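Number of protein chains: 2
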Amino acid sequence: MRNLLIVLSFFLLAALASAQSQPQLNLMPMPASVQPGTGQLPINQSFSVAVTGNHDASLDREVQRFVAQLSRQTGFPFRPKSGVAPTLQIHADHGREAVQKLGEDESYELTVADSGAKLTAPTTLGVLRGLQTFLQLVQITPAGFAAPSVTIKDQPRFPWRGTLIDVSRHFIPIDVLKRNLDGMAAVKMNVLHWHLSDDQGFRVESKKFPKLTQMGSDGMFYTQGEISEFIAYAHDRGIRVMPEFDIPGHSQSWFLGYPELSSGSGPYTLEGGGMNPIMDPTRESTYKFLENFIAEMAKLFPDAYFHIGGDEVDGKQWDANPKIQEFIHAHGMKNNQDLQAYFNQRLQKIVAKNHKIMVGWDEILHPDLPKTIIVHSWRGQQSLAAAAKQGYSGLLSFGYYLDLMWPAARHYAIDPMSDAAATLTPQEKSLILGGESCQWAEWVTPENVDSHIWPRNAVIAERLWSPQEVKDVASMYARMNAVSLDLEWLGLTHRSARLHMLHRMAGSADISALRILADVVEPVKDYNRWSDTKGPIDFHAPLTRMIDAVSPESDTARHFSDLVQTFAQSGYKDQAAEAQIRMWLATWRDNDARLHPLLDQTSLLQEDAPLSQDLSALGAAGLQALDYLDKGQPAPDSWKTQQLGLIEQSKQPMADMLLMVVAPVQQLVEASAGQAPHN
Amino acid sequence: MRNLLIVLSFFLLAALASAQSQPQLNLMPMPASVQPGTGQLPINQSFSVAVTGNHDASLDREVQRFVAQLSRQTGFPFRPKSGVAPTLQIHADHGREAVQKLGEDESYELTVADSGAKLTAPTTLGVLRGLQTFLQLVQITPAGFAAPSVTIKDQPRFPWRGTLIDVSRHFIPIDVLKRNLDGMAAVKMNVLHWHLSDDQGFRVESKKFPKLTQMGSDGMFYTQGEISEFIAYAHDRGIRVMPEFDIPGHSQSWFLGYPELSSGSGPYTLEGGGMNPIMDPTRESTYKFLENFIAEMAKLFPDAYFHIGGDEVDGKQWDANPKIQEFIHAHGMKNNQDLQAYFNQRLQKIVAKNHKIMVGWDEILHPDLPKTIIVHSWRGQQSLAAAAKQGYSGLLSFGYYLDLMWPAARHYAIDPMSDAAATLTPQEKSLILGGESCQWAEWVTPENVDSHIWPRNAVIAERLWSPQEVKDVASMYARMNAVSLDLEWLGLTHRSARLHMLHRMAGSADISALRILADVVEPVKDYNRWSDTKGPIDFHAPLTRMIDAVSPESDTARHFSDLVQTFAQSGYKDQAAEAQIRMWLATWRDNDARLHPLLDQTSLLQEDAPLSQDLSALGAAGLQALDYLDKGQPAPDSWKTQQLGLIEQSKQPMADMLLMVVAPVQQLVEASAGQAPHN
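Going down the list, the protein sequences come from chains A and B. Residue 1 is where the first sequence starts when you use the working numbering, and the numbers rise one by one after that. Residue 1 is where the second sequence starts when you use the working numbering, and the numbers rise one by one after that.
Watch out, some of these pointers could steer you wrong.
If several chains are the same, the list does not tell them apart, and a pair holds so long as it fits within one copy or across any two.
The list that follows gives simulated cross-link-like pairs (lysine to any residue, SDA-like), each with its CA atoms no further than 20 Å apart [as the list claims (entries may be wrong)]:
#1 81 - 219
#2 371 - 532
#3 208 - 143
#4 208 - 354
Note that these hints are calculated values from the structure, not bench results. These numbers come from a predicted model, not from an experiment.
Working from the sequences, and respecting the hints, build out all of it.
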């Protein structure tokens with residue numbers, strides 16, 4: 001039996017984990033107030049909705065979408081009913097703003113009793129939020145689908161809860177963005193921050209400056225018609241769309257068509273490399289261009305906010321340009337920072353003239369700018385605190401970068417009001433408007449972008465909506481996993497695409513051994529994939545390696561680590577835990593023999609061979625450690641030294657991935673040698 | 001370790017099976033002639049296509065779709081190239097007919113060498129077929145994606161290769177139909193037979209007779225605009241669209257709006273039940289109506305063929321109507337069959353007047369009809385033979401009913417030229433035009449319809465395209481499984497929807513134990529689900545039971561049965577086979593303990609408890625049988641009797657499903673008792 005191929009499903013431990021922290025409602029974000037009742041409201045074929053009070057076409061479409069999603073979740077083909085008492089009564093006192101405003105009332109109350117449910121809200125925007133809560137309440141039970149009796153009173157903690165999606169480095173088609181809007185609405189996010197231009201591509205049609213896309217993109221961009229339709233789609237879901245055009249840095253794509261905007265001499269390519277070109281803020285023609293451009297874009301994007309980027313201005317081109325240096329001295333400026341501040345002041349006036357409020361990254365903070373602007377921090381809460389003390393509003397994205405491949409718990413622990421922001425006065429705190437997750441697009445394609453955003457984005461959504469005290473990590477993971485399934489019913493592909501990609505790599509239907517490996521690795525963190533890339537990134541290369549398919553966070557590794565902790569806390573006596581640990585270790589030990597033939601057959605997997613071998617060796621080491629622990633005699637030093645050598649080797653990234661079960665195996669090895677674990 | 005939860009992936013055995021019947025090309029349908037070469041053509045980022053010869057917008061769209069699908073399969077984001085030698089050269093001598101004709105040339109030649117590939121065809125229709133072959137040739141290899149060197153000369157065996165999709169019983173939205181057209185094109189099918197009306201719903205907008213959909217449907221139907229766009233979509237893919245309006249039976253939906261067409265007095269409902277209403281062929285007003293209606297539909301549907309149904313005319317309403325009986329006698333007819341023949345003659349004239357060729361089911365065959373009509377046989381090859389002997393053309397659907405839940409091999413074994421048709425003269429044989437698979441829609445929803453059609457439909461496609469000698473079953477299964485993966489890249493959901501449905505039933509992410517059970521059951525066969533339904537079917541009930549999610553054919557059971565055969569052929573000595581058999585049996589034995597808690601928690605799974613218990617008992621019985629075999633002493637009679645009782649019980653359908661591993665377990669039990677197996 002030993003050398004048979006045993007596959008232990010990762011779900012086994014997921015089930016055990018969720019059984020431990022059981023019966024809570026699978027709501028994410030957790031509402032401000034939840035009062036459980038008794039009994040439940042059956043959801044069956046006779047389900048119906050009635051709307052009273054304020055009523056408009058947008059709400060009607062929302063109710064239709066709500067019914068369609070409930071139908072997908074439950075499988076009931078609901079049909080229009082008449083003359084029956086509605087299962088769910090909806091009442092809104094007022095309608096919504098034609099252009100959604102920051103701080104518009106999103107509150108609602110939802111009461112579910114066994115006889116019916118009632119959703120009331122001051123505005124139809126609140127109804128949107130409440131309907132998403134209702135969808136999350138519906139669960140399968142022994143008596144059929146039902147929503148538990150409950151009284152929920154809910155409103156967001158922060159008025160600005162966004163997701164930034166970079167569509168410059170890799171173009172993301174409108175239909176993919178739309179399903180992500182659906183996901184955002186499901187977790188009550190309300191801003192799409194659309195990062196529309198960067199060095200690698202300009203993605204918005206400009207009728208005034210057509211060369212921006214003609215020369216500044218690979219042909220993939222959004223027409224103005226598509227953008228207007230997309231904004232309407234977002235508005236229907238209670239989501240504002242804020243455009244970002246990142247200047248004066250991150251703007252190489254502008255210069256292919258309009259090199260006169262640049263501080264250097266070019267030539268410019270979208271492939272990049274070399275110097276970071278930046279705009280020339282000393283020429284009046286630059287402002288003339290921006291006046292015309294921003295006027296056009298201000299009409300296209302109805303949102304009150306306009307993000308001008310302003311980050312990471314690499315001053316080399318300014319330093320190298322004598323005319324620019326002369327300008328700096330002639331205007332009594334001290335340095336490039338002062339020049340950027342001058343640029344931002346000019347820019348802010350243009351933005352304001354178009355009735356927009358300027359938003360920019362940390363670097364734009366400068367006392368010469370009016371207090372109306374918003375500072376968007378990628379650097380940390382201290383930027384927000386510094387801004388707030390000077391009277392500026394702020395948004396946090398530090399800690400919410402989805403592309404850094406952090407586990408959900410790490411994002412979840414970041415609070416806009418913590419650290420430096422915690423010491424602010426209440427009035428200063430009120431200037432902190434919320435935050436945004438960021439999906440930077442160096443390493444995503446339309447195929448895998450969903451899996452980089454979801455389900456972790458739901459956790460950031462909760463941080464920004466729910467009360468600050470909601471922070472239990474075990475509860476978060478259980479609820480995130482439930483919401484993750486619901487999101488696939490909406491059409492997101494964060495789970496399904498991963499399987500497709502593994503099938504592609506394997507070139508066959510048999511991906512069981514491949515999944516064993518893929519389930520215990522994670523992509524390298526932070527910018528390590530980038531720094532491992534020799535030379536500039538090829539933004540048109542396929543992203544079809546294992547790193548592109550695996551989850552940013554290994555559930556299996558987390559559960560295995562929990563198992564080892566349970567075992568350790570029992571003084572290595574808990575036999576049930578040990579048996580499960582052995583099962584995993586044996587699975588891993590034996591997996592390389594299964595997987596190896598496949599790895600040789602396909603070019604997409606060859607680089608993963610050392611990873612598979614190391615996993616196998618870790619499995620064997622862990623099993624030996626358990627044998628020593630069972631015997632109750634310390635493992636020999638020579639053995640321990642050898643195993644720790646293997647463990648150190650296994651900690652190194654391979655194929656840009658990390659084996660996430662190294663630490664718990666190390667713990668077992670050290671324990672078996674009678675040594676207190678390091679961590 | 002015993003009671004630990006071991007999950008043995010079904011893929012394990014799939015891999016073993018495919019390793020045995022290895023290196024063949026994953027082509028389905030298998031081309032008429034395949035000459036393997038040496039070497040392979042690399043497919044990488046520089047892939048490009050050039051078209052010479054005949055060139056039109058439809059071919060350009062096809063090439064775009066081809067490149068998009070190749071991009072999805074390989075993950076390469078192909079970009080337009082210029083000035084490079086094309087990887088694939090395409091040349092068509094001629095264009096296509098504006099309305100695709102039966103028998104239009106679909107042949108092509110495809111040569112792949114390591115330096116490039118060339119696809120030539122007499123018509124652009126042949127190019128469509130050849131491009132699908134090229135897509136199937138591309139595989140991942142140790143050196144990257146590549147197509148093997150090969151010379152293929154291909155043309156279809158039959159000119160009519162269709163899929164009937166019933167959209168009356170359950171409405172299927174256009175987008176779901178479109179992805180099924182994509183699937184049909186991938187396996188070179190060329191007719192969508194659109195079953196547009198039946199008792200339960202009339203699905204086409206008629207401007208002349210709007211009550212057909214207003215009263216004769218639940219509000220779900222296709223507008224004429226949608227239909228025209230859909231036909232163009234099909235034409236682009238080389239697929240004709242033939243409408244069917246089933247009369248004079250199967251026509252209750254017509255009578256809600258137009259009761260004057262009926263032979264009885266009504267009232268009529270879509271829910272049905274009771275008598276089967278049929279049209280009144282004795283009134284001139286019926287023909288007046290049909291003249292107007294068919295004239296309208298003949299314009300809407302450009303195809304040269306028009307299917308009038310004509311099946312299963314239940315004469316009770318004719319018998320019960322004195323006027324109709326009087327008409328029969330007055331016209332010297334003998335019975336209802338003569339009356340239907342009269343109706344069909346009148347109908348045929350109307351159809352012909354609109355420049356269409358009438359097609360109908362077996363029952364329309366009557367010597368008074370002109371030889372131009374086509375007999376579509378649901379009854380068997382003898383109908384085709386009888387028709388051919390009288391000079392009528394024929395199509396076979398007997399044996400190709402996908403809704404009967406047969407295994408792929410059973411459909412595969414049915415040949416239009418076998419049985420009674422095998423004895424025809426060559427000239428008579430030439431009247432057999434091909435066949436159609438049939439997806440009748442009593443038990444499908446838009447959610448699971450793909451999984452009822454695919455991948456089995458690919459096997460019927462092969463039967464109708466490939467030479468008659470292509471019939472190796474092991475090869476068929478290996479190639480069908482490969483094609484099945486490709487079809488999901490096209491957007492079909494036959495694999496993914498099953499997982500979604502299991503998640504819904506479980507109400508959680510943990511479906512591992514549920515899959516163990518779901519992977520070894522099949523829906524009851526033929527019309528047994530129907531006959532188990534007490535009273536009329538509720539066509540608006542949810543289809544969310546396990547029977548609705550499981551595959552019509554259990555791969556696991558097939559592989560397990562193969563394993564047991566291998567073991568038996570070794571005289572029960574093959575230790576490797578025995579070890580694998582034991583692993584499966586232990587998995588099943590232990591599965592009920594895992595699954596039981598879940599079954600109790602959700603109403604959608606409660607009915608499956610006996611099934612799970614029986615699977616567990618079968619696992620235990622099989623293991624005991626192996627123990628006896630290992631000991632080399634016959635199992636006691638009392639034990640055997642008890643086990644065979646269990647086995648008989650397990651053969652009964654439970655929750656409308658069959659446990660497909662009963663027979664091989666029975667074989668083990670009988671062998672252990674020293675008895676030759678029954679089968």
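Verification of the hints:
no.: 1; hint: 81 - 219; result: between (48 Å within a copy, 13 Å between copies)
no.: 2; hint: 371 - 532; result: neither (42 Å within a copy, 74 Å between copies)
no.: 3; hint: 208 - 143; result: neither (62 Å within a copy, 48 Å between copies)
no.: 4; hint: 208 - 354; result: within (16 Å within a copy, 54 Å between copies)
Going through the hint list in order, the structure does not satisfy hints 2 and 3.
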